[in-house]
Amino acid sequence: MTLRLLAIALRNLLRAKRRNALAGGSMALGTAALVLAAGLADGITRQLSDNLIAVQTGHLQVVVRPTDFVPQNNPFDAYGQDEIPDADRLARRIEQEGRDAGVVRAVPFLFVRGTAMAGSRSSVAWIVGIDPGREPELRAAQKAVAGRFLPEGDDLAVYLSAPSARRLRLGVGDEVSFVVQTPRGAVNSFDGTVCGVFRKGAPWYDSAFYVTLVAAQKLVDWPGGATNVKVLLADGEGRALQRARAAVDAIVARSSPGPLPPNTRVRVETYTEAGRFSWAIVQANEAALVMLSGFLFAAAGVGVVNAMLMSVRERTREIGTMRALGLRRSGIVGLFVLEGLALGIASAVAGAVLGGAVVLYLALTGIPMTVSSLAWMAGGDVLYPALEAGSVLRATLSIVLLSTLASVYPAFSASRLEPREALHHV
Amino acid sequence: MSDPRRALLLAASLLAQAALARAAGPDAATILRRADRAVLGEAAVYTLRMTVIRTGKSDRVVEMKGWKKGDEQGLVRYTAPAKERGTAYLRSGQNTWLFLPSAEKVVRVGARQNFGGGDFSNADIFRLSLIRDYDPTLAGEETMEGQETYKLELKAKDRSIAYDRVVYWVRTDGTFYPVRADYYTLAGKRLKSLVVSEVKPLGGRTRPTLLAMESRVDEGSRTLLQFLTIQDDVSLEDRLFSPGALERGE
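Protein sequences, first through last, are from chains A and B.
Its first residue numbered -16, the first sequence is counted upward by one per residue in my numbering.
Its first residue numbered 37, the second sequence is counted upward by one per residue in my numbering.
Treat the hints as calculated values from the structure; they're not laboratory data.
From a predicted model like this one, the values you see are computed outputs, not experimental measurements.
Check each hint, because a few of them may be wrong.
Unchecked claim - Computed footprint of chain B on chain A, listed as stretches where at least three residues anywhere in the stretch have a Cβ under 8 Å from a Cβ of chain B:
id, stretch
1, -12 to -4
2, 169 to 181
Said to hold, decoys possible - Taking beta-carbon pairs under 7 Å as the criterion, some of the chain A residues facing chain B (in silico):
id, residue
3, PRO54
4, SER103
5, SER105
6, VAL107
Stated by the list, open to error - Ranges of calculated distance between the beta carbons of each label pair, as one might list FRET restraints:
id, chain 1, residue 1, chain 2, residue 2, range
7, B, GLN149, A, ALA340, 51 to 59 Å
8, B, PRO117, A, SER106, 22 to 30 Å
9, A, ARG72, B, GLU255, 14 to 22 Å
10, A, TRP359, B, PRO237, 53 to 61 Å
For glycine and all other residues, C-beta sits at the position ideal for the given N, C-alpha and C.
Please model the complete structure; the sequences and the hints are all you need to start from.
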């Protein structure tokens, strides 16, 4: 019976080509718009999280925080302010003992604020001391556009962002100086040479200057110290992340790094906790996507209901004949719901293909974020949308569901027609 | 030995002692202690004009009134220009506070932050005693800025002092006026230089009245502090140097 109804439904769809093409077209465009919006949101999420993990926090980070630490929701919250003594020893221990929990790499780095100077120009500098040989993710995230990435063992090399290079009028081979106040209070300086310039990525890395960990340790007068230990995992999602966190927590507790400054403690933070700023942007984008989806659903839903109601009106005689021939009310409801379902499937698949093609194209070319506020929202000066199967499936199924549900009311309207009344039109 | 010979020996011995004493001169700590008090006395009230010079920008001129008591307490209030009037810095012990009248708020600031956007840090302005923070060594005598000077090497007593090393030139003519100071970072880089000049009568005695701080890393940056009036040996109450008084504008 259902198969017969389905055959009738499909035939009916083809009979009213223009009307169904309009209704289906609006749903297909709605699906394409949803897929595109989801692609943009997924691209932003991916850019923000990849940047955060590669550049700042890893999947987990070990950091010394004040006992009353309250995150201020800015991009620099992730960086620690206090020293983890003998950080390299702690990092290597996490790497060795955490292998079974999925730890791939643990790397110490040191962050300090200072002033960068070149000639008569100066700028704020977020100086980050890294171990260049153990930072392949950072190297990939902040690719050199001139010169090269920080070379291992060159404690005079400086790797800086393109905006900083422009601001200070620096090129590869030029000299740059930093002046910082050490945590103990003395003023210290560093004279280095630019080895490379990277494309900035997220706008909040505009002021980042990379030097070797050894150079940064000398600069802040912390031999062997660091502000963060970045931990990279084989799987940084869900349960695997929590399992690794518990393992790293235990390793840190066993290592008991110290002595620590008064009123501080060592914390192990996941990237979502440490990078609250980035996650606030992700959440804002997701909220915007939900709102956009709501509007699209409403528009497409009205289109489907309208098309179906028109169909009921045009097919009054047909409905009357079917009822007179013995088709029950439930059969009429089923027929119209099946028509809605079929129209929804055809439209959603067409829309998903169209939207997916646009997302794939934009993922290859990128969308320039020329305005500063857009670059902040997208976490980079170019946004690469991402085509994720889950998002495409969600958009497709939701349009199919919408089309089916939207056909329920017209279906019941049709089923309420009495055969006598319907045949009156014959 | 006859009396004339004894008198001659005595005279020779006295002359030799005097020559030795002059050759030995004051020790490094004495020179530094005297230089610490060369511009301002133990307690003083003063007015000064600060001129911040930056390459490619017009000079920024601020006038202020200051109070100083001992080595621990200092207060400076802006008096001009009108838009900055009321801004004040307070140093009491190891702490420095800034009062911004527009925000009606007192905030604690770092001693190493720059003072009023110039090349002096808060610590430079309120460094009330070098002898307290540094171990001095007399490195010799030399001509500096056209003056005969003692050259002092100052080494910070610990790694919390802003400048790890200071080379300090102080006049040898008995006035102990500072002539110049070069400030070095922990890494040994010369960060800035202070030149002290314009010795003239002010507030009842002759003293240097112009302090010029020049950045050695930020080329072309220079800040001048010109003392306009100085009143030494005044009686100042401790409550003047409290954050509460700073906010009340006392």
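We went through each hint and held it up to the structure:
Counting residues of the stretch -12 to -4 of chain A whose CB falls under 8 Å from any CB of chain B gives 0; the rule of at least 3 is not met. A stretch counts as covered by a chain when three or more of its residues have a beta carbon under 8 Å from one of that chain; for the stretch 169 to 181 of chain A and chain B the count is 6, and the coverage holds. The beta carbon of A/PRO54 comes no nearer than 21 Å to any beta carbon in chain B, farther than 7 Å, and the hint placing it at the interface is violated. Here the hint on A/SER103 is kept, as its CB sits about 4 Å from the closest CB of chain B, short of 7 Å.
The restraint placing A/SER105 at the interface with chain B holds, with a minimum CB-CB distance near 5 Å, inside the 7 Å limit. Look at A/VAL107: its Cβ only gets to about 13 Å from chain B, farther than 7 Å, so that hint breaks. Between B/GLN149 and A/ALA340 the beta carbons are some 56 Å apart, a value that agrees with the proposed interval 51 to 59 Å. Checked against the hint of 22 to 30 Å, the C-beta distance between B/PRO117 and A/SER106 comes to roughly 27 Å, which is consistent with it.
Take A/ARG72 and B/GLU255: their Cβ atoms lie about 42 Å apart, and the range 14 to 22 Å is violated. The hinted window of 53 to 61 Å between A/TRP359 and B/PRO237 holds, with their beta carbons roughly 59 Å apart.
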